[in-house]
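Work the whole structure out from these sequences, hints included.
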Amino acid sequence: MPSSDCYPIDVVPGLSRLVLGFCAGDPGVRRFYPSLPRDTGWQKRCPRPGHWNEMVAVLAGQNASAEAAPALEALRAGAGTILTGQQVGLLGGPLYTPLKAATAVARARQATAACEPHVAIFWLATEDHDFAEINHVTFPSRKESKKLLYPKTPANPVRVGGVVLDETIEPLMEQAWELLGASDATDALAAAYRPGRTFGEAFGVFYRKAFAAQGLLVLDAAGREVHRLGEPVLRAAIERADEMHAALLERNKALEAAGYHAQVAVAPQSSLLFLIDERNGSRMALKRMQPSAAEPNGVWQAGRETFTTADLVGVLAAEPERISPGALLRPVLQDFLLGTSLVVGGPAEIAYFAQSAVLYERILGRVTAAEPRLSATLIEPGIGELLRKHELGLERVFKESADSLAQLLAARAMPLEGKRKLAAAGTALDAELSPLLEYMKAMDAGLGRSADTSASKMRYQMNRLRRLAANFEMQREGSLRRHAEAIERALNPGGVLQERVHGAAFYFARYGFELAETLTELAGDPCPGHKAVWL
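Taking my numbering, the leading residue of the sequence shown gets 1, the next gets one more, and so forth.
One should not assume that every hint holds.
Simulated pairs of lysine to aspartate or glutamate, DMTMM-like, Cα-Cα distance not exceeding 25 Å [stated by the list, open to error]:
| id | residue 1 | residue 2 |
| --- | --- | --- |
| 1 | K147 | D166 |
| 2 | K457 | D444 |
| 3 | K389 | E321 |
| 4 | K146 | E400 |
| 5 | K287 | E321 |
| 6 | K253 | D403 |
| 7 | K147 | D187 |
| 8 | K152 | E174 |
| 9 | K287 | E243 |
| 10 | K152 | E133 |
| 11 | K253 | E243 |
| 12 | K143 | E167 |
| 13 | K147 | E321 |
| 14 | K457 | E432 |
| 15 | K146 | E170 |
| 16 | K389 | E400 |
| 17 | K146 | D184 |
| 18 | K146 | E174 |
| 19 | K399 | D10 |
| 20 | K147 | D403 |
| 21 | K146 | E116 |
| 22 | K143 | E385 |
DEER-style ranges, computed between Cβ atoms [as the list claims (entries may be wrong)]:
| id | residue 1 | residue 2 | range |
| --- | --- | --- | --- |
| 23 | G494 | A182 | 25 to 33 Å |
| 24 | P2 | G25 | 22 to 30 Å |
| 25 | P526 | G28 | 18 to 26 Å |
| 26 | G25 | E319 | 42 to 50 Å |
| 27 | A155 | G495 | 33 to 41 Å |
| 28 | P27 | Q461 | 46 to 54 Å |
| 29 | R362 | R482 | 53 to 61 Å |
| 30 | E517 | Q461 | 51 to 59 Å |
| 31 | G181 | G314 | 50 to 58 Å |
| 32 | G382 | E170 | 28 to 36 Å |
It is worth saying that the hints were derived from the structure and are not from the lab.
Quantities reported herein were computed from a predicted structural model and do not represent experimental measurements.
Where is the CB? At the ideal position from N, CA and C, for every residue including glycine.
Here's what the structure looks like:
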């Protein structure tokens, strides 16, 4: 196991107050969630749904390998489920994908050891239609990051999991070979992402391989069979749409009144559903139109077409795969299908749950517990040496750009005599300015304001002297900028967390599929914040 450091969750930039409070176990958010992280009440298995045998059969059909057999047998015997999932991305998607999978496996192990057998399941989010979110992957290289982009965009906003890879995947795979080198992970990518496969199939094949030793099961629920099993949830979202909409509006008001935010906006005509166009496969938002004299029960609109509630119920009965859940309904559908004990999510999904809870209560009569996934930055040996050399911690790296980090390193590398002279000058300036400003403000308010302006200019020039000295040191020591750029590119590329930018396959290629077990063990450690993992 590599060593790791645990930082408070607020070291992660960009997290909302709601997510920070949830991850930290703040009692103020408890009213919006059934449990907080490190609660253990969820470890007792939820009652098995009536369609359990059919659902297990679907999982068995999609996970036909020797490695999956023990998990499937455990489900047949009544094991509970820990669920996570992610959009199906190009060449394995971003690093946070295996962080989610590893956390689900870790929680399944903990529940099994403490209470009852549980199995981890990864839900492939194949029904989303924003292709621009998943058509690329970024791999770090020695001097720059390389973004690989799938060049063919569907003509319509279809479900991304069903987009079929064509021959243009082959040159992308060749670039991946050059960037990643020969490894079992690169072989697995090449075997998964090949012409004729869909994005969903390729993504599932890769992660079944990556987490085979951990017994992770992978589920694509976009087909008719699974939607038929989920019909009660989808029907409730159609027939009780106005009730659900009102409940969400009330929840959003409660979140905002408590000083939090609503992750998903609930507009006057928004609903929980999408409709798949039977002609071109487009995934279109279903809008709920207000009742009128002509239609006292209201109607639905998708694109240019209008439907009654009875029409949509008819589509659900005949072609259930054409009724697709939105972000707030999807977790309810997942947990209805799988009798989930715990859901593992990223920051956005944790925020969704504060809203989705009201749907759980009305449709399922219970609310599934949720926990945040492992949040981590992987520090490779070369970058680790630079951090130690320059005495940098992860929290400081997250606050700096490549330019400001280079300035910091240069300032630290400055000769001691120069540092002392600059510090003395700055201290003396502040010591002389402060009483002078107080004196001038006491004489006249306008004079005081003018003095403040002049003083700020003097302090600016003092800081400029510091920057000039640092820039000179940086020019003299050219390696400092290279070091700063390498650190930023590896750990906080473009001011964004590594886990959100770098492709997961890069790390599997470098450290083998054994990395899946390493991440699982790290996810099992009691760290309530963000981990720095020294590889």
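Structure-based check of each hint:
1. K147 <-> D166: Holds: K147 and D166 sit about 19 Å apart, inside 25 Å.
2. K457 <-> D444: The given pair, whose Cα atoms are some 20 Å apart, holds under the 25 Å limit.
3. K389 <-> E321: Between K389 and E321 the Cα gap is close to 56 Å, so the pair fails against 25 Å, i.e. violated.
4. K146 <-> E400: Cα-Cα ~22 Å, so holds.
5. K287 <-> E321: holds, 18 Å
6. K253 <-> D403: Roughly 42 Å separates the two Cα atoms, so the pair is violated.
7. K147 <-> D187: Roughly 20 Å separates the two Cα atoms, so the pair holds.
8. K152 <-> E174: Since the Cα atoms of K152 and E174 sit roughly 17 Å apart, the hinted pair holds (cutoff 25 Å).
9. K287 <-> E243: holds, 15 Å
10. K152 <-> E133: holds, 14 Å
11. K253 <-> E243: Judged against 25 Å, a Cα distance of about 16 Å means the pair holds.
12. K143 <-> E167: Judged against 25 Å, a Cα distance of about 29 Å means the pair is violated.
13. K147 <-> E321: Violated - the C-alpha atoms of E321 and K147 are around 34 Å apart, more than 25 Å.
14. K457 <-> E432: holds, 15 Å
15. K146 <-> E170: holds, 17 Å
16. K389 <-> E400: holds, 17 Å
17. K146 <-> D184: holds, 21 Å
18. K146 <-> E174: holds, 13 Å
19. K399 <-> D10: Satisfied, since the Cα-Cα distance of roughly 12 Å is no more than 25 Å.
20. K147 <-> D403: holds, 22 Å
21. K146 <-> E116: violated, 45 Å
22. K143 <-> E385: holds, 17 Å
23. G494 <-> A182: 25 to 33 Å: With a Cβ separation near 29 Å, G494 and A182 satisfy 25 to 33 Å, so the hint holds.
24. P2 <-> G25: 22 to 30 Å: With a Cβ separation near 26 Å, P2 and G25 satisfy 22 to 30 Å, so the hint holds.
25. P526 <-> G28: 18 to 26 Å: At 22 Å between Cβs, range holds.
26. G25 <-> E319: 42 to 50 Å: holds, 44 Å
27. A155 <-> G495: 33 to 41 Å: With a Cβ separation near 34 Å, A155 and G495 satisfy 33 to 41 Å, so the hint holds.
28. P27 <-> Q461: 46 to 54 Å: holds, 49 Å
29. R362 <-> R482: 53 to 61 Å: Given range 53 to 61 Å: holds, Cβ gap about 57 Å.
30. E517 <-> Q461: 51 to 59 Å: holds, 56 Å
31. G181 <-> G314: 50 to 58 Å: Taking Cβ atoms as reference, G181 and G314 lie about 54 Å apart, which means the hint holds.
32. G382 <-> E170: 28 to 36 Å: holds, 32 Å
In summary, the structure is inconsistent with hints 3, 6, 12, 13, 21 from the numbered list given earlier, while agreeing with the others.
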